[in-house]
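Undergrad: Residue numbers (this note's numbering), protein chains in the order written: chain A, 1 to 343; chain B, 344 to 507.
Any given hint could be a false lead.
[Said to hold, decoys possible] Here are the simulated SDA-like cross-link-like pairs (lysine to any residue), alpha carbons at most 20 Å apart as the crow flies:
| # | chain 1 | residue 1 | chain 2 | residue 2 |
| --- | --- | --- | --- | --- |
| 1 | B | K358 | A | L318 |
| 2 | A | K13 | A | A95 |
| 3 | B | K379 | A | R33 |
| 4 | B | K366 | A | N41 |
| 5 | B | K358 | A | F91 |
| 6 | B | K373 | A | I43 |
| 7 | B | K443 | B | K488 |
| 8 | B | K358 | A | N41 |
| 9 | A | K321 | B | D352 |
| 10 | B | K358 | A | P199 |
| 11 | B | K358 | A | P308 |
| 12 | B | K366 | A | I307 |
| 13 | B | K379 | B | A369 |
| 14 | B | K377 | A | A37 |
| 15 | B | K388 | A | R42 |
[Said to hold, decoys possible] A short list of chain B residues far from chain A (calculated; beta carbon distances all over 10 Å):
| # | residue |
| --- | --- |
| 16 | E357 |
| 17 | S469 |
| 18 | Q495 |
| 19 | L503 |
[Said to hold, decoys possible] One-sided excerpt, in silico: chain A residues whose CB lies under 8 Å from chain B:
| # | residue |
| --- | --- |
| 20 | A39 |
| 21 | N41 |
| 22 | R42 |
| 23 | F108 |
| 24 | V110 |
| 25 | Q186 |
| 26 | F298 |
| 27 | W305 |
| 28 | I307 |
Note that these hints are calculated values from the structure, not bench results. All C-beta atoms, glycine included, are put in the ideal place defined by N, C-alpha and C.
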Amino acid sequence: MNILQIIIFTIVKILIVVTIILLAVTYLVYFERKISAWAQNRIGPNRVGWHGALQSFADVLKLLLKEDIVPDAANKPIHTLAPIIALFVSFTTYAVIPFGPNINVFGFSVPLVVADVNIGILYVLALTSLGVYAITLAGWSSGSKYSLLGGIRSSAQMISYEISMGFSIGGVLLLSQSLRPVEIVQAQSGWMWNAILQPVGFITFLVSAFAETNRLPFDLPEAEPELVGGYHTEYSSMKFAGFFLAEYANMFIASALIVTLYLGGWQFPYLDHFGLSNGWFAVISVITFAIKVAALLFFFIWVRWSIPRFRYDQLMNLGWKVMFPLSLLNIIWVAVLIMVFKL
Amino acid sequence: MALKRRKKDLTFLEKIYIPEIAKGLALTFKNMLKPKFTMQYPEEKFIPPPSYRGRPVLVMEENGLERCVACGLCSRVCPPLAIEVQAAETDREKERYPIKFEINMLRCIFCGLCEEVCPEEAIVMSKDYELAFTNRKDALYGKDKLLTPVKQLQDRINFLRNYK
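Kindly produce the complete structure, drawing on both the sequences and the hints.
TA: Quick look at the structure:
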């Protein structure tokens, strides 16, 4: 492949991925409402479109038509920049996550990942840490005490959980001996899923992912009963929608990342032994990936409507005194696995 | 019932959260499969029990005349002064009747005092709760809107006779 072909394929892949993320996010909002309704013995949105399927589009349209209110006390450039950072971070992170095996298109072998970078995991960690800036800046630039409190909480929370997240990833990296997401997926062939080999690491990563995406039970930055709306109190119209979409896109990316790191990525266990043609192999792999991500997303939403919010001191205790030691323990466990079983 | 003493310390299982979280998740999942309570309003309508206090209406006898004798007690007792009655005389056995009976539905607070005070069982609360107006004039309910055949109100009248 020459450079031009690579660029064309990459642009096509970017378009496909962005479209899928945007669609997934709008339907996540819809399913969030539906699942919350089911958990509370209600029906949920069912008026706009078939079973309410167009509800989120109607909501976005409404937000677009609303007045964009910027408070007088706000730092206007940063107030505008914050939702852009949030969206930028959540859409760019997906670039390194593989969603299928290599496929043959017009005689070229194309990997189903936007950018097959050899430091992919570092890239993900760097960008997700950047996500804190969006929330903190939004809180600070709004010129409102509730927003500021939300922003500060968010930075404290993200820093605390970034550590256990990083250390849990350490266990995965030890086993796969690579920072390249494609190789991490390949290292989990068959039932050698990292979630099975290192359950403690899986749980610490899962909990940290909840904290990183600001989902309940760790949604302290927005905590409606205490902080009005937290960091997005002073936002309206499409800027608010930016944060809203970013939150759901983050959820999607967190699920995709968990699937990649711990649940075998796009691999269906022992699919290569079934003797399928290349095309069918790719199709089943992509569907497997989609199902795994969808299951995790359902879990995210399900947890939100089941578990109450943590108190701030409980959150910090859990982060520093429980998650951090557990993730260290997980690294030792993985080292023992490697030494004893020669994995 | 004996008071249950609260344990000071949580047990280890409670401290690690996971079993408790699993319990909570199981509960919400069970509820997802249960039948729904939602009433799909414009298609399905709520039919209130006879104790429901909806829009106050005037009882119309089978001969098409109102029971009301225009004594004005309801108008007197009405806390937000929503009722206006003007009496007139006729040659019928009941000598008085209201020539004008108007309830301002923007004022009405559905307290039911008019019904309680009425000596003739002439004004009762109906089951009608769909009260929306697009302007203030529409909210003035005259005799044409208030008179309701006694058959439709039998439920409420029986309820009043039993429990008032």
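Undergrad: Does the structure break any of the earlier hints, and which numbers would those be?
TA: 5, 8, 23, 24, 25, 26
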